[in-house]
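2 protein chains.
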Amino acid sequence: MKILNQLIWPKGFQSDAIKADLRSNSEKADLGWIVSDVLADAAAVFTLNQFPAAPVQLTKSTITQDQKLQALVVNSSNANSFTGMQGLKNAELEQQLVADKLALSPKVIAVSSTGIIGKQLPMDKITAGIAKLQKSQNSEIAQAIMTTDTVSKTISLDFDGMIMSGIAKGSGMIHPNMGTMLSFITTDAKIDGQLLQKLLRQLTDITFNQITIDGDTSTNDMLIVMANGQAGQEEILADSPAYETFKAALHKVMQTLAIKIAKDGEGASKLVTANVCGSQNDLAARMIAKTIVGSNLVKAAAFGEDPNWGRVIDAIGNAGVDLAAKDIQLAINHVLIISQGELLEMNSDALEQAVKSDQVTFDVSVGSGAGQGQAWGADLTYEYVKINAMYRT
Amino acid sequence: MKILNQLIWPKGFQSDAIKADLRSNSEKADLGWIVSDVLADAAAVFTLNQFPAAPVQLTKSTITQDQKLQALVVNSSNANSFTGMQGLKNAELEQQLVADKLALSPKVIAVSSTGIIGKQLPMDKITAGIAKLQKSQNSEIAQAIMTTDTVSKTISLDFDGMIMSGIAKGSGMIHPNMGTMLSFITTDAKIDGQLLQKLLRQLTDITFNQITIDGDTSTNDMLIVMANGQAGQEEILADSPAYETFKAALHKVMQTLAIKIAKDGEGASKLVTANVCGSQNDLAARMIAKTIVGSNLVKAAAFGEDPNWGRVIDAIGNAGVDLAAKDIQLAINHVLIISQGELLEMNSDALEQAVKSDQVTFDVSVGSGAGQGQAWGADLTYEYVKINAMYRT
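Read top to bottom, the protein sequences are chains Y and B. In case it helps, the numbering used here puts the first sequence at residues 41 to 433. In case it helps, the numbering used here puts the second sequence at residues 41 to 433.
Among the hints, a few may not be true.
No copy is singled out in the list; a pair is fine if it fits within one copy or between any two copies.
[Unchecked claim] The calculated BS3-like cross-link candidates involving lysine-lysine, where the alpha carbons are at most 30 Å apart (straight line), are:
(1) Lys-396 with Lys-159
(2) Lys-68 with Lys-172
(3) Lys-68 with Lys-165
(4) Lys-42 with Lys-238
(5) Lys-310 with Lys-159
(6) Lys-51 with Lys-100
(7) Lys-59 with Lys-141
(8) Lys-165 with Lys-366
(9) Lys-366 with Lys-159
(10) Lys-366 with Lys-147
(11) Lys-426 with Lys-310
(12) Lys-175 with Lys-165
(13) Lys-396 with Lys-426
(14) Lys-129 with Lys-59
(15) Lys-100 with Lys-366
(16) Lys-287 with Lys-100
(17) Lys-129 with Lys-366
Hints in this document: simulated from the structure, not taken from any laboratory.
Let's have the full structure, built from the sequences with the hints guiding it.
Below, the structure written as structure tokens:
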């Protein structure tokens, strides 16, 4: 398994992105697509928000029919969320426009949107934009899906003669079940859609669902994987060695994109990582890790380079997991500061130095159990407040 | 029921606060007590953090024995939290010192602390401080318990010939189950401790547990009510008219203190209130209300006076309650902006003006159910980040 230096589309995939003038005062692309030469097996996970946006409702019903897709279209700047029946009609029209252009059934087209809530999609611009989309090898779609993201997020892997590539966006509203997060992963491996769906859920729990920026979950989150089999390798079957390699590749792609999203959290100046072990089970460790990186107090202390371990302890105690203080061990940026529930005063000076870094990592042991888990987030900065106090106007 | 202009201690209660030099570079009092002339019936609720501080552990075991207290001692600047066996011994010594001075059993003395986590209490200063405490009628204890609070929080009520008075502190780490919140309520009414405990739990759910500043829950939270019966009125029995009046008085005291805490949240410039109705039950309404006021995105938008109703809708959808978009009605500062799940564009200009206020109130209806609930919080400001990036150092 090798990480490639740039985004390479797997065999039989094309992409494009153009400026459909959805963004005001911007020269950035805002509409794009990914197209497979042949029907691909597909899997997806969606937001758990009670008010899923129109494209989420539509794509969910599209993909769950037979776990197949051949293309996806995505726009930024407008989320087509909380737009009622008209919003759903607009999403369906967008799906039909792409289907017509590609001479495919609308039932194999995914539709995705991100941006502001509560405005109808400008269908004249969407229609004109789709007319301009080409099948190319460019990677501009990674830029087209950005909102308050400061960098585009991509990864390509080479494994067993196959390619897997992923792009993602998302920098605010990231929390349980993938707040305002879009990610599209393509591979030329051959794998059954049902098997892919099962694997995707499993890996989502330990990657995208373990990042948090501000605790909110958007109405538009969507993660889609398409596998078109065009590398010509044998089909990947459950519990085979090839499956383990495929799983490792997908895990790597998803974890890399998730960490890139956390690191580029709105206003973030530091990546905050929590590694937890010693719990009764993995779920407990993940809950603790996520509570740490989700704590505003921990996040603000990370920004201030304040070695305030008390807040980490406080967060651990708030995770909803039964724990005993005497079992707790905590290291911050590899400096052990709590052992067997006792403060190691002698390490305080070393800790003061260690937190002056662009990464803050908490290594926590909570007992002798076999459970482990990780979570990733960002610090809480003045810039975060600025971005979010002034987003709409 | 009449709200008095200043803090008046109920009959048979005394209080005092002094400077025990626990705070560095401060002239503020940092140690205080409240003493009843006679043994009082008492009730309390405590933090649900997995690592309760030593004073929480001690006071919980003290009060649950027989629901009686005669005095409480409290210090700021040091939380005596995550301090192991030594911390527990120090809390017990503090309890004994107060008991000796008052010639009482330690079993009727509550001990409470707030401040930094992980440092042992300076027992020389605590000992010297307790020696200085007097029985007086001053209200300086309300200042002595302040940490990052900017104003002291007190209320006194006159009802049916009795007095009820409360003080509180807490401006950060306020969330479910009373993050870093201390409140002490005294009354000269006569009511059985078990009955008082039941009522206290019920009212905590709709007052202190419905405020949130930053989603964390401290290791030290404690709310104590003492009723010493010294007004000479008849004992308040369950389900009597007098009980309803007492309940209304305690609700008023608790809600007033809770809102004062929310309004004085760290760095807060605005009080944010959510009123939710129409849910299946009260719990669902409270969950929705608390999710709204707890959302960093809603809080930042409130700070920026940005009428970003999409974030409120997003928060409502994230509360873990089953809802349908078409049932949602939302007014912001009394301007209706969503009705039957549809945006009322015509009110957008009015909304822009309405959010320019030092209060932001969201009135939400989610259906035709009888459930209702409220929650209170503060906006998310640059000052919040500043305070929390630099608290310890």
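Checklist line | Intra- versus inter-subunit Cα pairing at 30 Å for Lys-366 with Lys-159 | finding: Close across copies (16 Å), not inside one copy (53 Å); limit 30 Å.
Notebook entry, point to check: When no copy is named, should Lys-175 and Lys-165 be tagged within, between, both, or neither for a Cα gap of at most 30 Å?
Noted result: within (19 Å within a copy, 76 Å between copies)
Next item on the list: Go through the copies and call it for Lys-396 and Lys-159: within, between, both or neither, with a Cα cutoff of 30 Å.
Entry: between (43 Å within a copy, 23 Å between copies)
Next item on the list: Evaluate Lys-165 and Lys-366 at a C-alpha cut-off of 30 Å and name the case that applies: within, between, both or neither.
Entry: Only across copies: Lys-165 and Lys-366 sit 28 Å apart there, 62 Å inside one copy, limit 30 Å.
Item checked: Homo-oligomer pair classification [Lys-426, Lys-396; C-alpha up to 30 Å] -> both (24 Å within a copy, 17 Å between copies)
Item checked: Homo-oligomer pair classification [Lys-238, Lys-42; C-alpha up to 30 Å] -> within (25 Å within a copy, 63 Å between copies)
Item checked: Intra/inter-copy verdict for Lys-366 and Lys-147 if alpha-carbon distance must be at most 30 Å -> Between. Shortest inter-copy distance 27 Å satisfies the 30 Å Cα cut-off; intra-copy 57 Å does not.
Margin query: Within a copy, between copies, both or neither: which one fits Lys-287 and Lys-100 at a CA-CA cutoff of 30 Å?
Written below: within (23 Å within a copy, 50 Å between copies)
Next item on the list: Could you figure out if Lys-68 and Lys-165 sit no more than 30 Å apart (CA to CA) within one copy, between two copies, both or neither?
Entry: within (15 Å within a copy, 63 Å between copies)
Next item on the list: At 30 Å max between alpha carbons, let me know whether Lys-100 reaches Lys-366 within a copy, between copies, both or neither.
Entry: Classified as between: cross-chain Cα gap 20 Å, same-chain 47 Å, threshold 30 Å.
Next item on the list: Evaluate Lys-129 and Lys-366 at a C-alpha cut-off of 30 Å and name the case that applies: within, between, both or neither.
Entry: between (58 Å within a copy, 16 Å between copies)
Margin query: At most 30 Å between CA atoms: does that hold for Lys-310 and Lys-159 within a copy, between copies, both, or neither?
Written below: between (34 Å within a copy, 28 Å between copies)
The structure shown violates none of the earlier numbered hints.
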